[in-house]
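According to this note's numbering, the sequence shown holds residues 105 to 405 in order.
Quick caveat, the hints were computed from the structure, so don't treat them as lab data. None of the hints are false.
Cross-link-like lysine-lysine pairs, in silico, BS3-like; alpha carbons within 25 Å at most: (1) K322 x K380; (2) K394 x K380; (3) K394 x K322.
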Amino acid sequence: MVTSASPRKKKTLLGQPNNGLVLLFAANMIMFVIIHMVSVIYQLSDIPMEQFHRQVLNWLVLPASAEAFAARPWTLLTHLFTHFGFWHLVSSMVWLWFFGYLLQDMIGNNKLIPVYLYGAVAGALVFLLTANLVPGSNSADSVMGAGAAVMAIAIAITVIAPDYRFFPMINGGIPLWVITVVYVLIDFSTMGKGNIAIAASHTGAAATGFLFARQLRKGRDWSLWMNRLTDWLNDLFNPEKKSGGQKNRLYYRADRKPFEKTANITQQRLDTILEKIHRHGYDQLTDEEKAFLERASREDL
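Kindly produce the complete structure, drawing on both the sequences and the hints.
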């Protein structure tokens, strides 16, 4: 279905621990279910839905009013996991799956959530600035959903691999940039009239994804601090994991040097390089490691 100029590598599996795409899906789906369970309680209690929106939903979505946002600053994050309409959720998750899977496959699992968060926060800030500084720029009093975050992911992976092709049997394949153009047109066409602030939000998210990808290609990884913070928190709340790793290193004994030439050393080295690609992406390999992959592919290892 797809072709790429980059060597194929070990796939990120759905059941793999800390899969960023699965975590994002779970967060959005769980929030959707919780919101609708609460709305059902309101309906069964004959409480007007206006009260549900005022007492529950308004505390999760990002308000257009600067005064309301100042009273509910946590909505900067909660709004990007909040969906109320079923088709709104489905469309966001379909595009998240499509572009998110490609981003995982091309540059590693640990870049997906940072791009998602960068795009969502940048889009939210642009939304607030536009709604409060540009008169008549917004017909809605709030915004919710993963639209801005998905836009950032789409632009980021398109900048990284614009010629990644789908269905190669159809006249050489459909390049990724064409699909991204279609997605952008669909996204902006569904906003309706008067939603300049939301359009500006998605534009800001797209710019953020573009800058993330450009900086990554220059060797500057904006996700590094976020991943280090996550690792630090993980070690902080799981001290036995850290101490266990030190213990294993202290008592580990080896009868040979790492990567010493033995019958199975080629497969061992190949597995190590594939794991490095999975964690950090193909661009982080050294020239020697890339040459090793080429030799391994020629020998069908």
